[in-house]
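Protein sequences, first through last, are from chains A and B.
Following the numbering used here, the numbering of the first sequence begins with 1 at its first residue and continues without gaps.
Following the numbering used here, the numbering of the second sequence begins with 1 at its first residue and continues without gaps.
Hints listed in this document are in silico derivations from the structure and should not be mistaken for laboratory results.
One or more of the hints may lead you astray.
To be verified - Once the Cα atoms are required to be at most 30 Å apart in a straight line, the calculated DSSO-like pairs of lysine-lysine come out as: (1) 213/A to 128/A; (2) 189/A to 213/A; (3) 133/A to 260/B; (4) 72/A to 238/A; (5) 72/A to 200/B; (6) 204/A to 19/B; (7) 3/A to 213/A; (8) 260/B to 204/A; (9) 3/A to 260/B; (10) 189/A to 238/A.
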Amino acid sequence: MAKIRLERASVSFPVYNAASRSLKNRVLNVATGGAIERRFDGLVVVKGLDEIDLTIHEGERVGLVGHNGSGKTTLLRLLSGIYAPTSGSAAIDGECVSLINIGLGIDPEATGRENIRLRAVMMGMTAKELSSKYDEIAEFSGLGDFLDMPFRTYSSGMQLRLAFATSTSIRPEILIMDEWLSTGDEDFKDRARKRLDEIVSSTKILILASHSKELLLGNCDRLIWLEHGRVRMDGPAKTIADEYFGR
Amino acid sequence: MAVMTFSDAVADIGEAVRKRHLATTFGWQDVAQRYRRSRIGAFWLTINMGVMIGALGLIFGNLFRAPMQEFLPFVGCGLIVWSFISTCLSEGCAAFIGAEGIILQVRMPLFTHVMRTLWRNIIVFAHNLVIVPVALIAVSASISWAALIALPGFLVVSINLLWMMLVLATICARFRDMTQVVQNFLQVIFYATPIVWQMKTLPANFPAYFFDFNPFYHLITLIRAPLLGEIPSSVTWLYAITTSILGWLFALWFFGRYRKRIPYWL
Numbered sequence: 001m002a003k004i005r006l007e008r009a010s011v012s013f014p015v016y017n018a019a020s021r022s023l024k025n026r027v028l029n030v031a032t033g034g035a036i037e038r039r040f041d042g043l044v045v046v047k048g049l050d051e052i053d054l055t056i057h058e059g060e061r062v063g064l065v066g067h068n069g070s071g072k073t074t075l076l077r078l079l080s081g082i083y084a085p086t087s088g089s090a091a092i093d094g095e096c097v098s099l100i101n102i103g104l105g106i107d108p109e110a111t112g113r114e115n116i117r118l119r120a121v122m123m124g125m126t127a128k129e130l131s132s133k134y135d136e137i138a139e140f141s142g143l144g145d146f147l148d149m150p151f152r153t154y155s156s157g158m159q160l161r162l163a164f165a166t167s168t169s170i171r172p173e174i175l176i177m178d179e180w181l182s183t184g185d186e187d188f189k190d191r192a193r194k195r196l197d198e199i200v201s202s203t204k205i206l207i208l209a210s211h212s213k214e215l216l217l218g219n220c221d222r223l224i225w226l227e228h229g230r231v232r233m234d235g236p237a238k239t240i241a242d243e244y245f246g247r
Numbered sequence: 001m002a003v004m005t006f007s008d009a010v011a012d013i014g015e016a017v018r019k020r021h022l023a024t025t026f027g028w029q030d031v032a033q034r035y036r037r038s039r040i041g042a043f044w045l046t047i048n049m050g051v052m053i054g055a056l057g058l059i060f061g062n063l064f065r066a067p068m069q070e071f072l073p074f075v076g077c078g079l080i081v082w083s084f085i086s087t088c089l090s091e092g093c094a095a096f097i098g099a100e101g102i103i104l105q106v107r108m109p110l111f112t113h114v115m116r117t118l119w120r121n122i123i124v125f126a127h128n129l130v131i132v133p134v135a136l137i138a139v140s141a142s143i144s145w146a147a148l149i150a151l152p153g154f155l156v157v158s159i160n161l162l163w164m165m166l167v168l169a170t171i172c173a174r175f176r177d178m179t180q181v182v183q184n185f186l187q188v189i190f191y192a193t194p195i196v197w198q199m200k201t202l203p204a205n206f207p208a209y210f211f212d213f214n215p216f217y218h219l220i221t222l223i224r225a226p227l228l229g230e231i232p233s234s235v236t237w238l239y240a241i242t243t244s245i246l247g248w249l250f251a252l253w254f255f256g257r258y259r260k261r262i263p264y265w266l
């Protein structure tokens, strides 16, 4: 049973400037007494998320909206278990995959085949899972003989196809996306859209951060509006979208 | 509370061990990437190491007037093992810093990145190991069965390295200058440990505790001695096993305490 539950979860980042980050200054501070530390240490703490209470049940399709810097990316990282809340609690039940940077882990010098494997491992697939999906990925990418060529020789459209085909072959319980994946040429676009719909409908919980109204209304049934690291509004997609985007 | 931090660290490490294919794939990839378009690939490492051993062996062997038949294998094995240990530790400092992109985007156990660094260096070590038989044949010495003892020795060394790397990776993520401190420290250890010089060249009244309390002396001996046909003393075994147990206890506590903070430091 996939479920996400945040209770008064806050995230605050310590911002270490070069001065407070070095051990030398730490030691010197001790030597000179604490007074300087207060003036020059400059340890600034930025509150990324402020006491978020949130429960997401299985089957929910949640969209995140908010202006730049409102905490969307931080919340996505919290929900995918990358950040642990600095106070409060976050319980994430379910295996979670984020499709944020689908090019992560790719080695341009390696061949397409090797990169499918590298990318799959990065997504958390085991060798066994990959071998059962490998042919399907290769076929979907439509790269044919190019799979044996180094990745760097690909056009940017082909590079995207490979990364997309591999990344979307996984079927996680919780899927996290920061904006929709953009996808190459017209002919690939249709198939890519179908495939994204597939993965979105098979996942138990979808969390999608986006600035596009159609996208959010098309895929989500619940919207969360973040502002200054707090939840400003949370409710049915239609209602919140009308409020946020204006009628 | 203490139990909590321990179980936190154990959970992370346990998951990393279960998903070890992550560490081995990335570690292998690191080596492959460096030598992708070179004709002989990672064996450049072997050649570099071989040249270094040849040069140091000749220079220091003549300086110390040591018989080459004994000195060359000694320096060869010593340097190979030392470069494994020192690279593990210095790259261990960057284990989390270097994996920033992954840590901030994909949820995987943090210990995976430490294992990846170790695995990469084990691969390099295996390439360098080819030199040992060559060096032995060059001075017409032979490999004895005692060399097999190097395997458990290697295991104990790796277990020791892992806790040191885990602690260093955590500290260096927070205090970036520590990387430089560790480099300097390793430099000193290199000269203070019998690697390019032999213990018997020291004056007779040289205090023995100088070596007894140098953990790196014991770690090197665990692998080097068997390769040279000797069996490490029980003191060395005991010392190395004790440091691994105490070290791991400390590392589990330390890592458990700061694990959650690491992504914020990157």
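The hints, checked one at a time:
no.: 1; hint: 213/A to 128/A; result: 39 Å, violated
no.: 2; hint: 189/A to 213/A; result: 20 Å, holds
no.: 3; hint: 133/A to 260/B; result: 34 Å, violated
no.: 4; hint: 72/A to 238/A; result: 19 Å, holds
no.: 5; hint: 72/A to 200/B; result: 65 Å, violated
no.: 6; hint: 204/A to 19/B; result: 24 Å, holds
no.: 7; hint: 3/A to 213/A; result: 26 Å, holds
no.: 8; hint: 260/B to 204/A; result: 27 Å, holds
no.: 9; hint: 3/A to 260/B; result: 21 Å, holds
no.: 10; hint: 189/A to 238/A; result: 27 Å, holds
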